[in-house]
Amino acid sequence: MSGDVFFNSSTMKKILISGFITGCILFVCSYGGLYLAVRFFPALFTEYNNPLFNSDGNRDLLFYLHAFIFSFALAWFWDRFKSLFKGPFLLKGIEFGLVYSIVALLPVMWISFSALDVTIAMVLSWFGYGLMQAIVAGIILAKINP
Amino acid sequence: MWYKPILWISLLLLWPPERTRWVIAENSSLSVNGSTNINKFSCEIPSYDQTDTLTVSRKSKEVALTGNVGLKIITFDCHNSMMTRDLRKTLKESQFPRLYIRFLSLSEMPQLRPEPQQVTGWVNIELAGATKRLEINYQVSMDDQKVIHLLGSRNINFSDFNLVPPRKLGGMIKTNDQLTVAFHLRMSAVN
Chain H
1118 MSGDVFFNSS
1128 TMKKILISGF
1138 ITGCILFVCS
1148 YGGLYLAVRF
1158 FPALFTEYNN
1168 PLFNSDGNRD
1178 LLFYLHAFIF
1188 SFALAWFWDR
1198 FKSLFKGPFL
1208 LKGIEFGLVY
1218 SIVALLPVMW
1228 ISFSALDVTI
1238 AMVLSWFGYG
1248 LMQAIVAGII
1258 LAKINP
Chain P
123 MWYKPILWIS
133 LLLLWPPERT
143 RWVIAENSSL
153 SVNGSTNINK
163 FSCEIPSYDQ
173 TDTLTVSRKS
183 KEVALTGNVG
193 LKIITFDCHN
203 SMMTRDLRKT
213 LKESQFPRLY
223 IRFLSLSEMP
233 QLRPEPQQVT
243 GWVNIELAGA
253 TKRLEINYQV
263 SMDDQKVIHL
273 LGSRNINFSD
283 FNLVPPRKLG
293 GMIKTNDQLT
303 VAFHLRMSAV
313 N
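Protein chains in written order, with the working numbering: chain H, 1118 to 1263; chain P, 123 to 313.
Hints were generated in silico from the structure; no laboratory data involved.
Virtual Cβ for every residue (Gly too), placed ideally from N, Cα, C.
Keep in mind that the hints are not guaranteed to be accurate.
[Said to hold, decoys possible] To give a feel for the contact side, a few chain P residues facing chain H, derived at Cβ under 10 Å:
{"id": "1", "residue": "T158"}
{"id": "2", "residue": "C200"}
{"id": "3", "residue": "R289"}
{"id": "4", "residue": "A311"}
Bound-form chain H, shown alone (with noise of 0.2 Å):
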């Protein structure tokens, strides 16, 4: 458990592998799933016509980069702290996403909330959004490196 984390190129090769497949099923899952939530519950987005959301579509690309962001970050995260999950792949990918979402997630949230205009509502969607997203990529990362 030192350097070699970073350094160990199969170490590295494996993270970045399952860091990249998680990021294309939770880019197809997180923006499948959040055009459906707009074409289907319109009325929880209203909010997002506010000054705090980039409006002039500058940083779309880094928007929709988030998922890969996202990924590799938590295939590292899974590599590093595997084997403290026990059980069949699906608990290991619930609880890490578990994990992930009050180590990570809450504090960022509770920030967010304290310092933005921005609703109850809007941060605990964030919250869900998050949680979801841990548990899909926690899920595949205990599938494809156990």
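Since chain H is already given, all that's left is putting chain P on it; use the hints.
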């Protein structure tokens, strides 16, 4: 030939162009209606903070309507604080704080009766530093209190004024380019 200018001046003195001045009242308003792929919005400037004057004058068939209306973008109210701020940002309020309607002409001299009269006219709309010449459909009437009502409406596009309709979440929420601008000027005639 020397007598021609004298003749014109005499004619002008004998039959001066018909001219009326209309003072715009504070309770005049303007609204902008638009839509996104998830909702519709209606933003209003509920009152006019200046006392401007429009002049209507007729020379033969031509009816000139001159005068400007300058509306503060910051007074737009979309009945939703976030949307209001978003519209102000889209219209570049910090750089161009006013929307101007510069009146140019009318298709005919208004009769000023209680029944609304349909007329058309040309205006220059100046928004976010860009100017667009547009033909407006008006309804003109005068009520029992001698208040002249000039209602105008016109569809415009954000892109006509080099503005980009807002898009959020990577384009999943998109504002449509077309807006309907409607104004209601309440005026009193002065000579």
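Verification of the hints:
{"no.": "1", "hint": "T158", "result": "holds (7 Å)"}
{"no.": "2", "hint": "C200", "result": "holds (9 Å)"}
{"no.": "3", "hint": "R289", "result": "holds (5 Å)"}
{"no.": "4", "hint": "A311", "result": "violated (41 Å)"}
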